[in-house]
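Protein sequence lines correspond, in order, to chains A, B, C and D.
Counting in our numbering, the first sequence runs from 1 upward without gaps.
Counting in our numbering, the second sequence runs from 1001 upward without gaps.
Counting in our numbering, the third sequence runs from 2001 upward without gaps.
Counting in our numbering, the fourth sequence runs from 3001 upward without gaps.
Straight-line C-alpha distance at most 27 Å; calculated DSS-like pairs for lysine-lysine:
#1 2197/C <-> 3197/D
#2 1253/B <-> 1225/B
#3 245/A <-> 2319/C
It should be emphasised that the hints constitute simulated quantities derived from the structure, not laboratory data.
These are the residues of each chain, in order.
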Amino acid sequence: MSEQVLTYREALRAGIEQALIDDDRVFLMGEDVGCYGGCYGVSKGLLERYGEHKIIDTPLCESGFVGVGVGAALGGMRPIIEVMTVNFSLLAMDQIVNSAATLRHMSGGQVNVPLVIRMACGAGLQLAAQHSHSWENFYAHIPGLKVLSPATHTDAKHMLIQALADPDPVVIFEHVMLLNTRGDVLENSEVSMEKALVRQQGTDVSLITYGGSLHKALSAAKQLKKLNISAEVLDLRCLRPLDTKAIVASVTKTHRAIIIDEAWLTGSLAGEISAIIMEQAFWHLDAPVKRLCTVEVPIPYPSHLEQAALPQVEQIVTAAQNIMVAR
Amino acid sequence: MSEQVLTYREALRAGIEQALIDDDRVFLMGEDVGCYGGCYGVSKGLLERYGEHKIIDTPLCESGFVGVGVGAALGGMRPIIEVMTVNFSLLAMDQIVNSAATLRHMSGGQVNVPLVIRMACGAGLQLAAQHSHSWENFYAHIPGLKVLSPATHTDAKHMLIQALADPDPVVIFEHVMLLNTRGDVLENSEVSMEKALVRQQGTDVSLITYGGSLHKALSAAKQLKKLNISAEVLDLRCLRPLDTKAIVASVTKTHRAIIIDEAWLTGSLAGEISAIIMEQAFWHLDAPVKRLCTVEVPIPYPSHLEQAALPQVEQIVTAAQNIMVAR
Amino acid sequence: MKHKLHLDRTYLLAQLKKMLRIRHFEEKCAELYAQEKIRGFLHLYIGEEAIAVGVMSTLCAKDNIVATYREHGHALARGLSMKSILAEMYGRTNGCSRGRGGSMHLFDKSQHFYGGNAIVGGGLPLAVGLAMANKKQEQQALTVCFFGEGAVAEGEFHEAMNLAVLWQLPVLFICENNRYAMGTALALSESETNIAKKASSYGMTAVQVDGMNVVDIEAASSKAVDQIRETNKPYFLECQSYRFRGHSSFDGQLYRDKAEVKLWQEQGPVIRLITWLKDNNRLEDKEISSIEAEIKDEIQAAITFAEQGEWEPISDLTKDVYSPAVSSTNTSQGEQS
Amino acid sequence: MKHKLHLDRTYLLAQLKKMLRIRHFEEKCAELYAQEKIRGFLHLYIGEEAIAVGVMSTLCAKDNIVATYREHGHALARGLSMKSILAEMYGRTNGCSRGRGGSMHLFDKSQHFYGGNAIVGGGLPLAVGLAMANKKQEQQALTVCFFGEGAVAEGEFHEAMNLAVLWQLPVLFICENNRYAMGTALALSESETNIAKKASSYGMTAVQVDGMNVVDIEAASSKAVDQIRETNKPYFLECQSYRFRGHSSFDGQLYRDKAEVKLWQEQGPVIRLITWLKDNNRLEDKEISSIEAEIKDEIQAAITFAEQGEWEPISDLTKDVYSPAVSSTNTSQGEQS
Ligand SMILES: Cc1ncc(C[n+]2csc(CCOP(=O)(O)OP(=O)(O)O)c2C)c(N)n1
Ligand SMILES: Cc1ncc(C[n+]2csc(CCOP(=O)(O)OP(=O)(O)O)c2C)c(N)n1
Ligand SMILES: [Mg+2]
Ligand SMILES: [Mg+2]
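Same shape as in the complex, but just chain A (with noise of 0.2 Å):
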């Protein structure tokens, strides 16, 4: 397969292209979309090239344009909502929750909402206490949603086609930090959006994660190569439904894992991830499944204090070398 270079901003800003230009039903909508070109800048240049039909810019009213959207689904168009982060999301949660998530089942099965939302995540811009959060685990809670955490560079292209492609709503977590980094965009996906991937193989722990904390835990790989400990990289990609085959396939090779989540630790979807472990791999395991959370501080805004916080690829790597020898 034919490779690109991009930064994610841009393979983000590549899939969203393809999307529009693939099908008509296909348009962007949300705060500062168009004329700003995205608050991050994702969506830079589209306005002009797509025109206002395709590109539209909302006032602020998160739960409206939301709700919007999941009329304009209903009525047949193909939306792409983008929420500017995470952080405004709980103002449009209602309609994500009661309504999109859950329409076509009241209905017994008559419609569907086929909308797409995207919103920034995260934290490490030292963006302070409102603006800094994780809270994939509250979509990914929710019946009748799809969740999507791209952490890879052709994940971040090709998994908003693969939401598009789905009838149902499908929620996409694109991780701030990632932003400006650089990779390889595949020319297609590598696999169907509700496949966790192993993107480091290893036999003596499992590193799970998803999202902003999967490179963390890809350097910690690489440490602990150095002081001899193999350790598997799961990408869960799609936080709902959860690959949970591929978990306890790692988790049966290794017999030890280690849950790196970036959301804080009680309630988080790494708790999720280990009671999956707890009860389809149990047998297996040689040690207590770990988890590398966020400390629970909504998050402080000087930049050691916000680290601090938030896990590191050294945790990793002291959580990896106590976990084989645990006991």
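Assemble chains B, C and D with the ligands onto chain A, guided by the hints.
Same frame as chain A, now just chains B, C and D with the ligands:
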């Protein structure tokens, strides 16, 4: 301690009345808490007795009146805010999470938000997909909040009073299926609001639960006794912070645990409890921890489907029997 | 394609029948609720029949409808069969939402009837979105959104009004102002109690109409629909009405006194049309009886249909959470070991 | 206790100084941001100084203030020390929020300065609640809420306006209409671009004022404050203004052209007052230089203060999540085994 026998609804009301009498800064505010008497009749009669200065009917605007409650708490009052049901709380979630829970930290500890937010929750009344949610974990995930789940009549009355004594925002979940049940109300609270309580001693398996499911667990424990299985029932009571010591103590004793939680399985608080046991009591386990949660479907209207979706006593009994012979 | 108003005797009798059909259906629902055949929440439309009947009379087949939990009347007036509606409330698979939704979630895609929304205000942006889809696809359809005056205080009302006007979308907003949101009187809910005036502040035509007069409603709606089809712009109708029964199945009605209810009942939409027809068109009691007999038969047939409906098997519990032909999802109950 | 307007030379010079203090502080912040001394998002108030200065001049010590992420000017004008503000942006413990908040979350309880809110519209209900607390406790205080015109489209704006008027609470709403919400021009955001007119539809006095004229703002705010203190009712001021810089640190400003910016800059609040003073009051350049020298010193002192501030130790990471003396909570990072 002298006792009273009250319905859960009356016990809630008794708590509110005591708070109104004891502290002049307390008032109750929410949709239909006054003239209507509360959507589930909890505040019936209070408007007549305490006046519209203390019992404030709001328009339909969840974000607005919850935010007003946050501001009033900042300004020195002790508001009790009733969000009719958790189902509508998504509309107020931004104010709860990004303001109430976060202001103290963002201000470097200068301000605090002594607010109590009450919400009805749970399924069982055939109210279908938009009116039957169990979203305790959404709030249990948030640093800065405390989250209570009174399952007994004593807790229904006293937890409110304990919550009002707390300087930080507290969310209280009141399960709708409990409202009409009658039970003893002790004159004082049994213990701090942040402690879990063993409601039934046992040695073979821990049934860990909270809120509306406590009574199912207690029934199951009774049946299990006849089957010669000694089940311990742990009522979590406080969902944030979790009383992990009590969880670990129980599992360390019984070596087996089943978590019963009315939330949808994936991403539920049950996963968190399972993960905590994994992390802190793994070597004590004789069998993998099980979760009994709600099937992942928006709650269907017909009773037989609704009941099939929810965790049931028979399932607890079966799960306990299975866990005794696990491996 | 302007909508023509008919005011002849035959037409008005037909409108009367439509209202009576809703009235008697709702009364029967109350009975069936007492018998526990219908469960959950039940919100009756009694007293407000003129609104649904008047507005629906002015719509085309491809126009979309978005309603609330108080939507039996809308569904009947739109043309969903009474059978499928009642079966839905019985929770049977022959219900219009296959029994999954119940009273608050009546759906019929073939009739462009998009529910049945139990979140107050939740349908407003949805309706704007449907209108956007129509406009983008250059379909000659409009979307009608019914909601109570209680929804006006919600932020979503504001957001939806602004978007509909800003983007010039073909939506007909119908505010059913029945004076109470549960037990909250309008004056306790809105600083500006003239809802139409409030709506007009967004820059759209907004009109108050007597919600007890089916002819007035049809006339106002007809004008609105014509203007929307011509201009593709939104339009707002506030229908002043009253609900004769409690908010839902659980309501002690402590918040209003009986005299007030009686006053409104005396000028109810059914009694008013009957009186008018009697005064002006020699309507005879036996004509009413014969209409009512027909309705009674229809209701009886609906009950039979509903009672004969099947319960969906529990094995299908997770059906319709996701569309078919998409890979399976986590739906187990956690007993995986 | 009516607020008196002073328009003498000394007073106006003092007002000029307050505006220049904000102006130069913000300019220095931009520099310090480029040097990476300040991080995160940085929203400058350049061009809008007259609003904060004019309004704050009319308040009492116990009045509450709620602002947005663009609040440096408000904090300075309210009386927070420049030192504590800059130290906050440096993330040091001698910052006004102990370094936890940064640029978007300046707090000072002693000055009743309640932040610094980075959720657009999020401060509106908060302000209404503070006003409710004042009214319930019969304190003679009012609450001022600053927000941008972009917030007007949010549902929370609507909900807050309605509650403030419905419950007659002493809030002064100050809409800083700088014509853009990030890159979204007012006409793309509101169907009704006259914000004061929109606010008046809730039933409160709402007035437009020239946001570039500090005297006009003070006069309008003074009138508003008097009326609020007299009636305990809310009041709305729309200040027509413009932001001269980008929305935040990341902004290519593709959405407006330089000519437009220049036009507004020419009638900026600082230049306007200087011109007026020169024309009418023989203001001399050396007076300005001496003011600017003082400000420069203050800024230099603030930088020194900020740079000397301490970094909070990582061991205190979970401080101030909960109030002290309450039992401990789950704050570990999951490495419990
Ligand atoms: C967001 C939300 N808040 C609260 C409720 C509970 N509730 C259901 S109906 C209702 C009253 C609505 O009144 P109105 O909009 O006037 O409609 P009506 O019932 O009078 O037809 C309330 C408060 C809800 N369903 N959704
Ligand atoms: C609820 C919410 N949505 C989006 C954002 C992102 N955002 C931050 S400031 C801003 C523009 C606000 O414009 P306005 O209210 O006019 O204030 P100004 O920045 O012009 O002072 C946006 C969209 C946010 N912080 N909060
Ligand atoms: Mg009503
Ligand atoms: Mg602005």
